[in-house]
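Number of protein chains: 4
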Amino acid sequence: MAGSTFGTDFKITTWGESHGKALGVVIDGCPAGLNLCESDIQIFLDRRKPGQSLYTTARAEGDKAEILSGVFNGKTTGTPISVIVYNKDQHSSDYSEIASYFRPGHADYTFDEKYGFRDYRGGGRSSGRETIGRVAAGAIAVKLLNELNMDILSYTRSIGHVNIDPDNFNKEEIYNNPLYMPDERAAKEACDYLDKLRATGDSSGGTVECIVRGLPTGLGEPVFDKLDAELAKALMSIGAVKAVEVGNGIEAAISTGSANNDPFRMDKDRVIKASNNSGGTLGGISDGSDLILRAHFKPTPSISKAQDTVNKSNEEIRVNIKGRHDPVIVPRAVVVVESMAAITLVDLLIRNTSSRMDNLKKIYI
Amino acid sequence: MAGSTFGTDFKITTWGESHGKALGVVIDGCPAGLNLCESDIQIFLDRRKPGQSLYTTARAEGDKAEILSGVFNGKTTGTPISVIVYNKDQHSSDYSEIASYFRPGHADYTFDEKYGFRDYRGGGRSSGRETIGRVAAGAIAVKLLNELNMDILSYTRSIGHVNIDPDNFNKEEIYNNPLYMPDERAAKEACDYLDKLRATGDSSGGTVECIVRGLPTGLGEPVFDKLDAELAKALMSIGAVKAVEVGNGIEAAISTGSANNDPFRMDKDRVIKASNNSGGTLGGISDGSDLILRAHFKPTPSISKAQDTVNKSNEEIRVNIKGRHDPVIVPRAVVVVESMAAITLVDLLIRNTSSRMDNLKKIYI
Amino acid sequence: MAGSTFGTDFKITTWGESHGKALGVVIDGCPAGLNLCESDIQIFLDRRKPGQSLYTTARAEGDKAEILSGVFNGKTTGTPISVIVYNKDQHSSDYSEIASYFRPGHADYTFDEKYGFRDYRGGGRSSGRETIGRVAAGAIAVKLLNELNMDILSYTRSIGHVNIDPDNFNKEEIYNNPLYMPDERAAKEACDYLDKLRATGDSSGGTVECIVRGLPTGLGEPVFDKLDAELAKALMSIGAVKAVEVGNGIEAAISTGSANNDPFRMDKDRVIKASNNSGGTLGGISDGSDLILRAHFKPTPSISKAQDTVNKSNEEIRVNIKGRHDPVIVPRAVVVVESMAAITLVDLLIRNTSSRMDNLKKIYI
Amino acid sequence: MAGSTFGTDFKITTWGESHGKALGVVIDGCPAGLNLCESDIQIFLDRRKPGQSLYTTARAEGDKAEILSGVFNGKTTGTPISVIVYNKDQHSSDYSEIASYFRPGHADYTFDEKYGFRDYRGGGRSSGRETIGRVAAGAIAVKLLNELNMDILSYTRSIGHVNIDPDNFNKEEIYNNPLYMPDERAAKEACDYLDKLRATGDSSGGTVECIVRGLPTGLGEPVFDKLDAELAKALMSIGAVKAVEVGNGIEAAISTGSANNDPFRMDKDRVIKASNNSGGTLGGISDGSDLILRAHFKPTPSISKAQDTVNKSNEEIRVNIKGRHDPVIVPRAVVVVESMAAITLVDLLIRNTSSRMDNLKKIYI
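Chains as they are written, first to last, in the numbering used here: chain A, 1 to 365; chain B, 1 to 365; chain C, 1 to 365; chain D, 1 to 365.
Fair warning: there could be bad hints in the mix.
The list makes no distinction among identical chains, and a pair is therefore deemed to hold if it is satisfied within one copy or across any two copies.
Claimed, not checked - Once the Cα atoms are required to be at most 16 Å apart in a straight line, the calculated EDC-like pairs of lysine to aspartate or glutamate come out as:
hint : residue 1 : residue 2
1    : 171       : 267
2    : 312       : 97
3    : 21        : 66
4    : 143       : 40
5    : 75        : 167
6    : 322       : 97
7    : 322       : 66
8    : 143       : 358
9    : 362       : 147
10   : 361       : 147
11   : 268       : 315
12   : 75        : 40
13   : 64        : 38
14   : 268       : 66
15   : 312       : 267
16   : 75        : 147
Worth flagging that the hints you see were computed from the coordinates, not collected in a lab.
Please take these sequences and the hints and turn them into a complete structure.
Following this line, the structure appears as C-alpha cells:
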C-alpha cells in the first residue's frame, strides 16, 4: 500500500481519480527561494493536451492548475507545495456499462482483484489523468534544474515502426507537429500511419526519448539507488510503459566491450568521454556527459474494435468500447516522461549534497 | 546518499567492497517462522560462481555464507538476519596501477568525482562482488516465495547475437551448460562466439530472462510503486544492466492495440488471459498470469584489449588492463536477476496484505 | 527537508499555511472497504474548535472538510484520500507588524534562519492550523481502529497546576466542559485559573492523556520503530509539546524494579498483567493491556503581555502582540493527540500483519 | 516489520541478538572524507561497560569493534560502514529455565505473541546488548559533529530520588565516578542507595541528560520530522526509556506564557535568547542555543527478588530470576542516549542542506 509517493528528499505525493472532484499533488522538500507561479505549472499541463491534434483525445479538458500552499510572494517557502486541478466534465453516466466488465489491456480486473471493487468512472486512479500530478510536480523540478544550469529535452522518437531519422533531427520541429517529433518527415509518416489505425478503430505504441544536458558528475547513489535505477522506476511507473533504456540500452547486449566502452579523453582541463554509449552514467553515477533515456509505450488499450473479454458475472463476452479514443498516447506522454526524469534528478541532486564532508563544511562552517 | 537499502517492508541493506575484509547483507522484515539454514544461502552463492566454465572468472572464490543473527533453531525469528561472506584472497598489490587511471566503462571516474577518492582495490564497492549481498538475500526471498507456492525461473536468453530458440526451450538444460542457457544448441553457438572474443581480449553483452509462476493477483501499488516499476528499479540497479523489459517490452512500442491487448476469458471458474503480452501485470498490478522480465547487460567493461583513457594527472594514455577477465558477465548475473526479482516480490507481497479491510479483519479479529 | 509525511504503510502528508488558500492532507495506504463520509471527518474537525468556550480562540473558523478522492460509493477505494479545508477569513493585513520582528516562543526566528524568509501571515506553516490535516487523517484512523474493536479516549489531564482527581474521573464529563476534562471539579478550578491568566494577558500549559483499549498484542517493531518510539515522535511532532510519557513515564525513573515490574497472571485462559505501570508496552511491543500516553504542552506563546524581543533590523524592542489569544491551547489539542496516536497505531497494525509466515499464508494460500 | 533501520539520509541498521554469534550495525550515508578508525568506535563501546563499577554487570564483555567496510586509508569512503562485534561468552545453557516463563517487565511475552516464539538466550534481540550497534554508529556521528564544531555532553542526572545539584555541577566529575554523574556528592548518595537496593535484590530507575553545544540554527523539518520529534523517537526507542523531555519539558505544562517564553536579544550582531526554556528548539527547528534532552529510564526489570508471573503452560508461578543483575542500567545508558542524539542530529544536518536554493547553488554552480 501507500504507493503514491515518489522520492526521498524531494518527495511528491499524487492523488485523484479521473472522474473524482479533483486531482493534485503535494511536493515536499522543494528548497526555499525558487521563483514559482501558477503559469510555470500551466505551461506543463498544457503540453499534456495537444488539443490541436486529431491523434489525441478531443475532450477539451482545460485543466487549470492552482497552487494552494508553499509559495509566498512568488517564491517557494520550503514548505509543501500543494497543486490542485479540478475536474470539469464528469460524465459518470457514460461509464455504467464499463463497470460491468473488464476492458482488455486496462487495470479494471487487477483493481477489482486487489481492492475488492473499483472506481470505474473513466478508469479511476488508473486513468491517464493521474499523470496531472506528476506533470505539475515536473514543472517545478524542471524549473529548479534550469536554475542550476541543466536543461532537459524530450520528444517522440518513434510511433509504431516510424522512427525519427537522426540526420533529420531538428529540435525546433518538436512543437511544430502534433506528435512532438523532432523530424518533420517522420512526423508526417507517423500521421499517415495513425490515420489508418484510427479508421479501423485501432491504436499504436511508440517511444519517448529524453536528454538531459549540463548534469554535474556524482548524481546517483550506489548500489540500489543508482541514477539509472531510480530513473528506470520513475519511467516504468508511467502507465503503459513496458521497457526502459539508458544510453544504448538494449543494443549494449549485442555489443562487445571494445566497441561499447567509452574512452576517456581530455577537453582542455576537463575529463570527458570520446563517445556516450553509457548514456551519461557509469556505475550508476552521472559521468558528466548527456543523460539519455528511452521509455517504450504499449499501444493505447482503449480501442473501438471489437474485443473478447469477461464480465463481472464471469461470462465470456464480446465488447465494443464506446467513446473517443486516442490512436496513440505517446505525444501526450512526452511531458510525463520529462517530468518524471526531472523529479528524479532533483531528488538525486539533493541527496548528493552530502557525498563529501567538504560539502557539509561549505554549508555549516 | 544512503542508497544501499532496498525495499519498504522487506528491507535489505548490503555492504562491503571487493577487497575489503568481508561483504554482507542485513535482511530486515522477514516474517518469523520461515525455515532457513546456511546451505539455503550457499546454494545461491554457488550459482554466482560457475567455476566449471572457461567463460567466467577462474578465481576460486569459494564464497562461504555465514548467518550471524535472526535465525534460531532453524527458523527465522522476525529480527534482522545478518549474513556475512569473508573475502579470502585480497591481492591489493595487484591494483596499484589501476589506482592511477580511470578504466573505460567502469565506475572509477564517477566514484572519484562523487566522493573525492575511491577504494580502488578490485573496483571497491562498484565490483560485481557487491552482488553477494543481493544473492544471499535473494535466497531467502525465493525460499519464502516457494513456501507460498510461487516459483521463479531464470536463465540466459541471449549472448551477443546468439538467442535461445523458443522451440528448443528446455528447462533441464539450464544447469547443463556453463552459460545457463535453456537451449543446448544456442549454448554451443554462444560458447564459440565467446571463444573468439576471448582470443582477442574482448567481451560480450547479453540478456537474462526471469519468469515467475503462481503469483497471486493484486501485487504492486499504484501509482509509483507499480509492480513493474519496482522491478525495473531492482533490475536496473544491477551493475551493467542498461535496459529492462516487462512482457513483450520493447516490442509493444511497434504493436497495435488490437494485437497487443490480452483478451480475458474463463478457465473453469477462473478469469485468465488468452495471451500474455502484458507479462503478468496490468495497471502495475499482477494479473495472475506469468510474470516475464528481461534485463539487458552491457559487455564486461574489463577487457585486455588496448584502450584509450585518462590518468589522474589528466594525461591521455593508452592502457592494457591486466588480469583474467570474464568475456561475459551474463551467466553469473542470472542468479542476481532472480534474487532482485524475488526480493521485490516478497516486499510487494507484504505490502499488499493491507489492501482490503477484510485482510486486517482476518488477522486481528 | 520533506518532513510533512508521517507513517510507513499508512502514510499521511499534510500541507497548508494558516492564511494560505487552504490546508489539507493526503492519506495513502488506507485499506479499501472502510465506510467513510465527510461527516466522519467533520466531527473531528469540530472537536478542534470548542467554540462555546471563553478559553480558546473565538474566531469562528467554521472549517469544513471536503473529500476530493479515494472514496467511492461511501467506501474507501484503497487509493489516496485527499481532504481539503479552505481558509475562510484571511486577514493578511493584520500581520504586517508581526512580519517585522520575532515573536518569543514562536517559530518566526527559526523559519527565517532555515529558509531565508517566512510566510508570516498567522504563523504560516507553524500555525496551530497545521493540525487540521492531522485531525482529518486521525478521524479516518480512529474509524479504522473502531472497526477492529479498539477504542481511544482522550482528555485534558491538567492545566497549569490543576490536575484531574482519579477518584472523580468521569468519562461522560469530558464533553460537558469547555476544557475537555473528565472531572467536573477540576474543570471549574482550571477555568478560574485561566480567567485570572486571561485578565493579565497571560497563558497556561497543560497535559493531554490518551488511553487506547482493545489493542492486540504484537504492535510495534523492534528496535527503532518500537510502539512507544513511534508514538513519542507522533506526539512530540505536535507544536508546543515538550515532553511525552508512556505508562507511568517519568515516575518510573524514581521507582524500583520490584514496584515497577507488572506481574503476569491468568484471567481464565488469557495472560494478563496484574498492574499496568508499563502503559501497555513491553520491549516496544503492545502487551494487550491499555495503552497509556501523556503529552505535556507548553503555555501558548501568544500572549498580550509586553515582551522583549528583537526585530529584523537586529534591534532590541519591546512588543505587545495584538489579537485575541487563547489562554490555553490544551483543550483544542486533545483531538490532535488522539489523531496522532490513532494514525501511529493504524500504521503499526498494518506493519505487524507480516510478523509471522502464518499470516501471509492466511492471506495468500 | 523492518524496524531496525533509523534515519533518512544518515541511515543506520542494527542487527544481532544477545547470545547469537555477533552484533553489528551498517551505517549508510556517511559522507566521504571523515577520518575514522576502530579505536574511535572502541572508546564509545568501552563507555557502555563501566567495568570498574559494582553497580553494573560484572560480566567481562570485552566487546571489540571491527570495521569491515566503508573505510579506506583511514577515511570514510561514502559507502556503507559495517561494524561487527563478536559475542564472546555465550552460556546458552543458563537460559533453559527462562525459556519456560515470561519475566515481568521484559519483552519475553510480547516477542512470543508477535513472532510465535523467541530467541530466549539472554533476551535475544530485546537485550541491552542490542545497543552495541547504536553506540558504534553513535561514535561515528559524534566524530562528524565534532568536525563541524559541535559537541555533545551526556551524564546521569538522577538515580531514583537522588538528583544532581546544579550548583555542584562539575563536568570533569562525570568520568570520576562509576555512575557518570557530574556531581560528586550526588554520586556518593546514589551509590549508597544502590547498595541498599542490591542487598535486597532490587533495582532503580534514573534519568540521563544530554546537552549539545554549537548546533547551527535550522535543523529539524516541519511538521512531522521536527528536531524534537525525531529526538523523541530516537530516545524512546532505547529499551527501558518511558519518558522524554526537551528543554524544561514536563515543567512547561505547569508554567505560564510570560514565564516560559524565552525573550530574544542581541549578543553583538547575533540574535540569541535571554533564557533557554525551549531547550534549543522553536517550532521544531534548532534555534542556535544549547539543545537540552532528558530520557527517563525505568528500573532494570531483572531483579533477584521473588516475582509472580505465568509460564508457557499458562500456570501462575513465583520465580526467582538467577544471575548477576545490574541494580541500575542508567550509567551504561548514558553513551546510548548520546549516540542516538548524535545520529539524529547528523541525519537532520544532512537533510537541512537543501533548505535553500542558495545551498544547492553553493555546491553545484
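Intra- versus inter-subunit Cα pairing at 16 Å for residue 75 with residue 167 | Neither, since 42 Å and 50 Å both go past 16 Å.
Taking 16 Å as the upper bound on the Cα-Cα distance, should residue 64 and residue 38 be classified as within, between, both, or neither?
-> within (9 Å within a copy, 25 Å between copies)
Using 16 Å as the alpha carbon limit, work out where residue 268 and residue 66 are close: within a copy, between copies, both or neither.
-> neither (47 Å within a copy, 45 Å between copies)
Checking residue 362 and residue 147: alpha-carbon separation at most 16 Å within a copy, between copies, both or neither?
-> Cα proximity of residue 362 and residue 147: across copies only (12 Å, versus 20 Å in one copy).
Alpha-carbon proximity between residue 322 and residue 66, which holds within one copy, between copies, both or neither at 16 Å = This pair counts as neither: shortest intra-copy Cα distance 32 Å, inter-copy 32 Å.
Residue 268 and residue 315: within-copy, between-copy, both or neither at 16 Å Cα | between (70 Å within a copy, 11 Å between copies)
State whether the alpha carbon distance between residue 361 and residue 147 is at most 16 Å within one copy, between copies, both, or neither.
-> between (23 Å within a copy, 9 Å between copies)
Residue 322 and residue 97: within-copy, between-copy, both or neither at 16 Å Cα | Result: close within a single copy only, 10 Å intra versus 60 Å inter.
Is it within a copy, between copies, both, or neither that the alpha carbon of residue 75 lies no farther than 16 Å from that of residue 40?
-> within (12 Å within a copy, 36 Å between copies)
Same-copy or cross-copy closeness of residue 171 to residue 267 [CA-CA at most 16 Å] = Result: close neither inside a copy nor across copies, 26 Å intra and 51 Å inter.
Within, between, both or neither: residue 143, residue 40 at alpha-carbon 16 Å = within (8 Å within a copy, 40 Å between copies)
Alpha-carbon proximity between residue 75 and residue 147, which holds within one copy, between copies, both or neither at 16 Å = within (13 Å within a copy, 34 Å between copies)
The structure fails to meet hints 1, 5, 7, 14 from the earlier list, while all remaining hints are met.
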